[in-house]
Amino acid sequence: MPRSLVPPAFFVERVTTRCIKCGVCVRQCGFSVHAQAEPYGEVVSTEENCVGCQRCVVFCPTRALRIMENVHSVRQHPNWTAGVIHDIQKQAETGGIILGSMGCDKDYPIYFDRLALNASQVTNPAIDPLREPMEVRTYLGSKAPRVEVKRSGVTFRLQKPMPIGIKLETPIMFAAMSFGSISKNVCEALAKAATELGTLFNTGEGGYHADLRKYAANSIVQVASGRFGVDKEYLEVARVIEIKMGQGAKPGIGGHLPGEKMTWEVARTRMIPKGTDAISPAPHHDIYSIEDLKQLIDTLKEVTDYKKPISVKVAAVHNVAAIASGIARAGADIITIDGMKGGTGAAPKVVRNEIGIPIEVAIAAVDQRLREEGIRDEVSLVASGGIRCSADVLKAICLGADAVYIGTAALVALGCHLCGKCYTGKCSWGIATQDEYLSRRVNPELGVKRLVNLVNAWTLEIKEVIGAMGINAIESLRGNRLHLRGIGLNEVELKVLGVKPAGESM
Amino acid sequence: MLEGWVRIPSGCAIAGIINQNGQAFSGEMIARAMTVMHDRSNGLGGGFAGYGIYPEMKEAYAFHVLAQDKTGISQVDELFKENFTVILKEPLPTRRTAGVAGTPFLMRYFLQPQKENADADQLVAATTLQINKHIGGTFVLSGAKNMGVFKGVGYPEDIAAFFRLDEYKGYLWTGHGRFPTNTPGWWGGAHPFSLLDVTLVHNGEISSYGANRRYLESQGYHMTLQTDSEAIAYACDFLHRRHQLPWEIIAKVFAPPHWWEIDRMPAEERELAVALRRTYGSLLMNGPFSIIVGFAGGMMALNDRLKLRSLVAAQNEEWVFVASEEAAIRAVCPEPESVWYPKGGEAVIQLVKENVECHAA
Amino acid sequence: MQTQLIDACGLHYQSLNAYIRKAAGNGFQHYTLRNVNGQRFIGAGLSRSIRITIHGTPGNNLAAMLDGAHIEVFGNAQDGVGNTMNDGRVIIHGNASDTVGYGMRGGEIYIRGRVGCRVGIHMKAGLEKSPVIVVGGSAGDFLGEYMAGGCIVLLGENLTPAESVGKYIGTGMHGGTIYIRGEVPRDRLSQEVKVEYVRFEEDVKLQECLEPFAKAFAETFRFTEAFSKITPVGHRPFGSLYAH
Amino acid sequence: MKYLVIGCSSAGIHAMEAIRQKDATGEITCLTKEQDLPYGRPLISYWLEGKIREEKMSLRPQEFFDRLGIRLCTGVEAVRLDLANRSVLTATGQSFTYDRLFLGCGGKPIVPPIEGLKAVPHFFFHTLADVKKIKLLVTPEDKVLIIGGGLIGLKAAESLTSLNARVTVVDLAPHLLSSIMGAGAAYMVQEAICAQGVEVKLNNSVAAVRMIGPRELAVTLKDGVQLMVNHLVVAVGVAPNLDLVQGTALSHRRGLLVDQHMQTNISGVYAGGDMVEFREMLSGQQKVVGIVLNAAMQGRVAGYNMAGFPLAFDGSMVCNSLNLFATNIVTMGESTAAGENKEILVSRPAPGVYRELVFRDGRLCGATLINDAERAGILRHLIYKQVEVDEVKEGLLAKTPQLLEIPFARWDEYYRDLTA
Amino acid sequence: MKRVYCNEKYCVNCHLCEIYCLAAHSPAPDLIKAFSPSDGIRPVARIQVEESRPRSMAVSCRHCLHPLCADSCISGALTKDPNTGIVLSDPEKCVACWSCLSVCSIGAIRKGFVAGRPVSVKCDLCQGREIPACVEACPNQALTYEDRGEN
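Residue numbers (the numbering used here), protein chains in the order written: chain A, 1 to 506; chain B, 1001 to 1361; chain C, 2001 to 2244; chain D, 3001 to 3420; chain E, 4001 to 4151.
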């Protein structure tokens, strides 16, 4: 192919008076942007390779580097933006589907940012979370329709055992990210952090590396259409089994782990050839209808002797409320709704950016629908896809979620700068890679600390905020949309979200 | 805006008196207790519930109904005719009282379900909810056997005088003085709230209202008044009548032990506590409250689990008193045998003795 | 070894399977199930040394996630036989319907009669395991779709290759081998596979697959025509589909 | 406990340090015939070249002896050993008794059998006194013949050259430094030496010498060539100094014999350093390995054992590093020549850099590195531990040694404490 | 005693340890100045990152119990401090014979210059700092400064 017509996306600025030619940038770049002929020689850059991951910038000891978006002065045009032009040129050069990683980067409204939280003033007091107990413990799993008690003397006993409930010490879990899409070190950091936090991590669909089984008590294992790693032990060691029907970043299409990341270890875990593309197609080939989902749920329950709650994860699509209702009635204990801003290791950009609906409206619609049908208590709802901060967690819970998954946020805690090149396997931050030179960049011990810090910080913020609302137990927040007010939302949006506009009273 | 369309937070005074022997006493006593706490109210609401007040009609469902206009009353009449035999219909006796104005139409019905209804209570409850929801400006103050709710806009002592409480006798009375912080109240918005024989007087405000409300709505309750007190009343009905849970357990749903306490419980107790929080977490009443729940045969007083509202209890011979302030108790019982201060989440449940014939239902 | 006789007539699958699980825990190793009709998940997740003989028509997902047990069916099986099966052996004296051995990771499935569509899809190999499916009769479309390992043998007894196998053989295949008796028309094969022709006598793997099959049904096989041996063209069927 | 240490060089110092580590109270006395604080013997050439001042030459400062509570007797020469009475007699007639005795008498220059040598003035290159004498007598443009092209001879050649003397080196062997390196490396060294104007005569030796004038000597070489020189430096090697041992019951061969605890055949009498012979690790033969490292390690082992703390010396191994005419030379292990089953690989990674590695049975057994000392200790460790390096030979030859070159499977075994 | 340990598994080959070590041992601790000193001789880092991709590992002095470098030192420049356990090189005494380089089994001693003279340089655990500069600079906590019991 002759010279590419796509200009470099980033501009590398090196302040030569600050550059000590130490070569840190050269050695840290996973994309071979910087080069040096000899130690302490002149450093040169190939900007075409730069993905803007900022690894070199962060590591440069003298702050001599700056990576800036390369602002191409194509003529301003509302339709034909630089991005559109470059995509066309790229496709004209390759004839391929444009891949993207991480979440949707289109400028859709973020409903979380248009919802304001409430606080107490005078008539009911705020609670000081520093002194008073603030409870965020959350249980996942279906609930008994009612509690029956038996009196014996002055005390009472439970008459029927409850369905299995999974205790979370904080309503924040780590979302499904497979070994293969992310490195083993990252898997380990997530697993260990979940264990320390008393919450759960999700293996994703890549199977369970043998070294991580020690964290199984805090794991959700996924059964996806590719069925990687699914054996009896896999199901038995897990706390929860999740059937992956869809993913918010790429509704309607399946998983695709490019061969670049299929090292022997990943291949061994998935039981497929090394170097191959691991494909888990959109459909489970044994599920082409809702009763087939029930059949798979039942199969998993049979195999594990009804000891594991079954979660079903679906992408938030237009009809998600009805779909969720079907899933609840198919016997799932947990429904995970993954919004369109959820991350992924690789997805066609057109799918990532154009399909699905945001998690805020999806969770609101699902919660409302299940309540209307009187089956909200038969399932727990987990919201995921675009949860960025504690406020998002709070708002998701107000809208009706029991708990949330964080994926991208967890990776950001480990260093991810959202460059969106996970599918290349060259992640400079050592996260979305299997290259041993790169993957060692995530020291699990350090990673655990960062993840634990993040979730603890969010949890503190959650306590702080619900305290401000005068609430000391998170269950009082769940579905409590009176604590939300819409700002700048139209009537239809307010109706879908089930919230009142700011300024309207209780 | 009309109360019932918007949520109005409020502060309050509450009191409850029960005679364990089921001996009836005058409503004047509860009015006297409430009078002491005059300054906790602002004249925008007062009310009382009396149990055992209609001994001669104790097998019939007594309905106290208010209506803004006569069409409301006739619509109620129509509705009752569908399912009940009206034994008696009369205006609720009142007396002209300074400080009580804007009096709505107030009617009293004694009803008998027409056919041998398997669940007469359910019918009565449904009828109550239907009137409140569908007949504009009309509201059921109470609808149950051998009890009644008297409430309106005004100070409690004025409301007591207005409804001639001194002419009633019951074995259990609860009272309420209201301090809403928003627009002037509506008669229906005053406390106690009731559904069937369960009445509620409430001080404080529930921050979990939105969660409680949505849960109750998904269980078939319609919130007419948009107040947290209404939600608590319905939650009581839901847990006590529909889920058959004893009041001790209901107290644990409204004000459960903290998780750290649950974690330290013996296994059996813990299982129950966990089950209650998991199942009825949405009915946890979060935020400051003290409530007195009255029901046929007893009452329960309860504080939120952080004890953010005041509540005092006292006992003297066969009498048990609960109130926002000790002075209220001393006003009617100067030297009680014991006075105590219930802890957060620690319910005071007092039933009339079992062999005493006073139960309405 | 004591054999438990179970009359499955009218039993719901949950009670039937719970009973077997419980009895297995108490040491019973061999079960004969009579009057089976539609009970799902029989044998699901059961581990080694358990033998189940089934008379009748077992329901969907027979032997799903089987973990070493042996199951023999005298009759036809429905959809999802050996779904995500890990180890063990399934012998079916009749036919089976769609998605036999979906995501199969190990063990063997021998079916004397016909099978439906999407058989052996997502089969895998590794971790010292390599699953085998042998079918005596014909198979439907999408045989060995997304196959990543293991071996499928289709004998198509008394049928021409055009009759014995459906369309889209080995779509997305990136590992493993499919043997089909006779020369399969090229238009039945997906882009992602290549085919060569081997004689039964010359192919040790094929013989190894067939030996237990013949033994299971107490038959001997002689083949005059060559087998189509179908393998993936490369490890990355969709490697060049994307623009980076 | 009374400890007596004879000699205060590396062996003696480390023996005393070890004794004090294990015995806080014992009385330690050290006799040294040197007048000053002990100095590093190899430093004498640096002194002669003016690269180091005398006061900087001490191996340990006075503070060291004070801190350890050592009674240091300088200028005291032990002359007689009375094993029966556990005492040592000095040249001045003083007697020192002991419970434990350490002998660190070092070595002394070998005097070759050259006709007329005893009759003519000649220098050795062994002590500070030797070089002080040289400095006094040698003037620029003097012709100096150095007998011996080994380490000492060449160090002498270097320093005399720096004094602007005209130096000739004569050695019996076919190449220089034949005791520590093979011919290939030696030629490189020779080139560097000759470039500085030193004349080198190999396969040759001094047959006779006689005085022909006040600062003039006539030297007859083995090949018949006659040389006229002003000075003669005898540097054919060092032998164990057994003066004190002769005539006692201490058994010795070429050197004093000791067990693995550095104890002689007489209980309570220990020895270490250049005067003892011990098993050489690679060859397994008894050898005198006169290097500083060896002396220090042996001294320490002896000291521990003297203080009752058992420690064994596992064997000696040659390892040298020296600079000659701006050329650094490192040799270690069996670096001298080809032998049975040996594989010799040579590389010249950069101009002026020479690396010669000797392998036996897939293990490194010797190395000669010229101007290539960077991380050479890793190679020494590989030799010392006899690590199997067959699969990484090429890497060892091509690059600066790295720990990461060592096969990962053996990592733990050899460098356990290095990584977390 | 406390030593610097490198967990090879998590060394990311950035060499920041070297860079900050160098600066810490420069007359001008500012990085940019340290790398372009007035005398033109860039100081030598006392920690060195080995690289054998994908692996890398920072190596610095172990401060051995019986340091071979000190044992082999002909001038007494290298000594192990009896109180701190730190093995130090006295640049005033070093004669640059490189004996220490030839015996250090991990190759932790380097050729350097002090006051224009070639001398051996090595890790001194950054005396005067609470945490050695290399450990502080390590972005992945591959380097740790800890006491594992031995002296």
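Note that these hints are calculated values from the structure, not bench results. Worth double-checking, as some hints may not be accurate.
Using 27 Å as the maximum straight-line C-alpha spacing, the simulated DSS-like pairs for lysine-lysine come out as follows [stated by the list, open to error]: (1) 4009/E with 184/A; (2) 3033/D with 3002/D; (3) 4111/E with 3393/D; (4) 1058/B with 1169/B; (5) 1353/B with 150/A; (6) 4002/E with 3022/D.
The model shown is predicted, which means the values in this text are computed figures rather than measured ones.
List of violated hint numbers, smallest to largest: Hints that this structure does not satisfy do not exist here, as all of them hold.
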